[in-house]
Amino acid sequence: MSNIYKAFEKKKAFITYIAVGDPDLDTSEQIIRAIAEAGADLIELGIPFSDPTAEGPVILESTQRALQAGTTTDKVFDLVKKLRRDIETPMVFMTYANVVFSYGSERFISMCQKVGIDGLILPDIPYEEKAEFEQYCKQYDVDLISLIAPTSSNRVAMIAKEAKGFIYIVSSLGVTGTRSEINTDIDSIVSVIRENTDVPCAVGFGISDPKQAIEMAEASDGAIVGSAIVKIIAKEKEKAVTPVYEYVKEMAEAVHSI
Amino acid sequence: MSKGRFGVHGGQYIPETLMNAVIELEQAYNHYKDDPTFQKELNELFNEYAGRPSRLYYAKKMSEDLGGAKIYLKREDLNHTGAHKINNVLGQALLAKKMGKTRLIAETGAGQHGVATATAAALMGMECVVFMGEEDTRRQALNVYKMKLLGSQVVPVKTGTATLKDAVSEAMREWTSRIEDTHYCLGSVMGPHPFPTIVRDFQAVISKEIKEQILEKEGRLPDAVIACVGGGSNAIGAFYHFIEDKDVRLIGCEAAGRGIDTFETAATLNTGRLGIFHGMKSYLCQDEYGQIAPVYSISAGLDYPGIGPEHAHLYDIGRAEYVAITDEQAVDAFEYLSRTEGIIPAIESAHAIAYAMELAPTMNKDQIIVINVSGRGDKDCAAIARYRGEDIYE
Numbered sequence: 025m026s027n028i029y030k031a032f033e034k035k036k037a038f039i040t041y042i043a044v045g046d047p048d049l050d051t052s053e054q055i056i057r058a059i060a061e062a063g064a065d066l067i068e069l070g071i072p073f074s075d076p077t078a079e080g081p082v083i084l085e086s087t088q089r090a091l092q093a094g095t096t097t098d099k100v101f102d103l104v105k106k107l108r109r110d111i112e113t114p115m116v117f118m119t120y121a122n123v124v125f126s127y128g129s130e131r132f133i134s135m136c137q138k139v140g141i142d143g144l145i146l147p148d149i150p151y152e153e154k155a156e157f158e159q160y161c162k163q164y165d166v167d168l169i170s171l172i173a174p175t176s177s178n179r180v181a182m183i184a185k186e187a188k189g190f191i192y193i194v195s196s197l198g199v200t201g202t203r204s205e206i207n208t209d210i211d212s213i214v215s216v217i218r219e220n221t222d223v224p225c226a227v228g229f230g231i232s233d234p235k236q237a238i239e240m241a242e243a244s245d246g247a248i249v250g251s252a253i254v255k256i257i258a259k260e261k262e263k264a265v266t267p268v269y270e271y272v273k274e275m276a277e278a279v280h281s282i
Numbered sequence: 014m015s016k017g018r019f020g021v022h023g024g025q026y027i028p029e030t031l032m033n034a035v036i037e038l039e040q041a042y043n044h045y046k047d048d049p050t051f052q053k054e055l056n057e058l059f060n061e062y063a064g065r066p067s068r069l070y071y072a073k074k075m076s077e078d079l080g081g082a083k084i085y086l087k088r089e090d091l092n093h094t095g096a097h098k099i100n101n102v103l104g105q106a107l108l109a110k111k112m113g114k115t116r117l118i119a120e121t122g123a124g125q126h127g128v129a130t131a132t133a134a135a136l137m138g139m140e141c142v143v144f145m146g147e148e149d150t151r152r153q154a155l156n157v158y159k160m161k162l163l164g165s166q167v168v169p170v171k172t173g174t175a176t177l178k179d180a181v182s183e184a185m186r187e188w189t190s191r192i193e194d195t196h197y198c199l200g201s202v203m204g205p206h207p208f209p210t211i212v213r214d215f216q217a218v219i220s221k222e223i224k225e226q227i228l229e230k231e232g233r234l235p236d237a238v239i240a241c242v243g244g245g246s247n248a249i250g251a252f253y254h255f256i257e258d259k260d261v262r263l264i265g266c267e268a269a270g271r272g273i274d275t276f277e278t279a280a281t282l283n284t285g286r287l288g289i290f291h292g293m294k295s296y297l298c299q300d301e302y303g304q305i306a307p308v309y310s311i312s313a314g315l316d317y318p319g320i321g322p323e324h325a326h327l328y329d330i331g332r333a334e335y336v337a338i339t340d341e342q343a344v345d346a347f348e349y350l351s352r353t354e355g356i357i358p359a360i361e362s363a364h365a366i367a368y369a370m371e372l373a374p375t376m377n378k379d380q381i382i383v384i385n386v387s388g389r390g391d392k393d394c395a396a397i398a399r400y401r402g403e404d405i406y407e
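Chains as they are written, first to last, in the numbering used here: chain Y, 25 to 282; chain P, 14 to 407.
It is worth saying that the hints were derived from the structure and are not from the lab.
Every residue gets a Cβ at the ideal spot worked out from N, C-alpha and C, and that includes glycine.
Incorrect hints may appear among the rest.
[Unchecked claim] Facing chain P, a subset of chain Y residues (Cβ under 10 Å, in silico):
| id | residue |
| --- | --- |
| 1 | 58 |
| 2 | 62 |
| 3 | 71 |
| 4 | 72 |
| 5 | 76 |
| 6 | 79 |
| 7 | 82 |
| 8 | 85 |
| 9 | 126 |
| 10 | 146 |
| 11 | 152 |
| 12 | 196 |
| 13 | 197 |
| 14 | 198 |
Next comes chain Y alone, as it looks inside the complex (with noise of 0.2 Å):
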């Protein structure tokens, strides 16, 4: 078992996303010192994909800056490595299935556990191919996190019955991305969830302000937040670690308030 409970044990679970490598490693280390101080119960870290299929252009775009800026996975784990002798809190990473696959799974997941990586999200893999990684995972006490979506309908209960970690709702139909509104029906998914596995579920994809946070947080265990983060760092850049901070401050109050 991983550390991914912890983040889940006492209250609502705020949980944050930034492309590591944005715009620069040693940036990304102090954001992510100040996501961890400001109270994030969990944190994604984003190995930079070249093509990632499931992003909108907030997340691509820092992706790709990530990339121009020289990070690789190589470079991810010595980061995490580093911020593992004073953090901790549980981190997983988020990326797709060429990352992993092209580094060998069983290196890629071996280095996560060493590194201190509690979960793997791969946006890319559905229940159908989790398989071959998850053997590695199951190995090496990483959790690969399952993904529910709208349009999942006959499949939530399958999908949950498996999970690992922490379950991670799409709230929405498209790709990530800041929205107005969320219009699916987050109880009925959660009430199937709950049906069939005690591993909590958290509310991802379109949440940017506290009311939002609250919401999502309210119908599940938590709130995931990306595009918003990524947004900060995209206009401030170098100088992105306060109004990052102030900003994770403010939506972790919200959600640790309910």
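Fit chain P to the given chain Y structure using the hints.
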């Protein structure tokens, strides 16, 4: 192992959001592929609308000039819209219509698949949006105009290298945001299952016809079938009914661009390694960390960093061979076929012709080569003229 495997290749590496859509597509396809009414309607479209069967033409002058094997040209360039792409599109559009979809989306490289999709959408009264790399909208401006003329919207894709792979990514993104009324009319034998199988089945009409036509003309099977390969739809179509005939050599011609020892290449099997991308496991042009390589070819239709999973499998088991043809060889072949036979081939198809020009002289006069001329070259004339240093206005 999941569905839709060709050896280790294939599968369904897509976001959960799309899973029910591909499952629904697979179920619909399994139902309609054996439905006599569907097959009758599709055959009528093939014959009456697209102009099938396409001719198998004996290229006498070319055969004599090269001084070796007899060369036959499978004239997919004579199909309506000028390429093999229409075979797959008519099949998928008809299937989408039966599934109750009212909107088609598609990616396109050279523009041939986009034009074919726009054509089928016009014919069947469906809405159509085509994603095309911005770089390709410049290389293939005429096809952009045609798609608009046919009533489609063309979305230039600016991300990444602004070519075919980025158009595929953007079409996949669009599909995840609108599934209910929309069918993604994928243009090649790639992507997640069931696309590689569906597209192959609709393109297999090419080899079915070649087999009948060559048996009628020569009373025997060919010694080699040659086709160009990007994603690989015309090639799998030309190969499929010969896979069981072990004496028929199957040869795919990849785009080497400026050469397979340079970074400016799109020759996947000659330079790539196994990976996962665009919904499938297959060979990919990628760097040591699995980042997809920015591929290059003079041909917008072959300018893709992956290859269909069934080709990857035919390569693994040694049933098909895959050679790399440079821009220069392809342009020479483009000019050669125009001069020798009065047929201007697509620059994609010219890659297959280039290899036949090497192979034919090494064979005997009683041997037979069939080249799949997958498309016509009108769309390429301006670009080839520029390649030769001549600036013409389209």
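Out of the numbered hints, which ones does the structure contradict? Hints 1, 2, 7 contradicted; others consistent.
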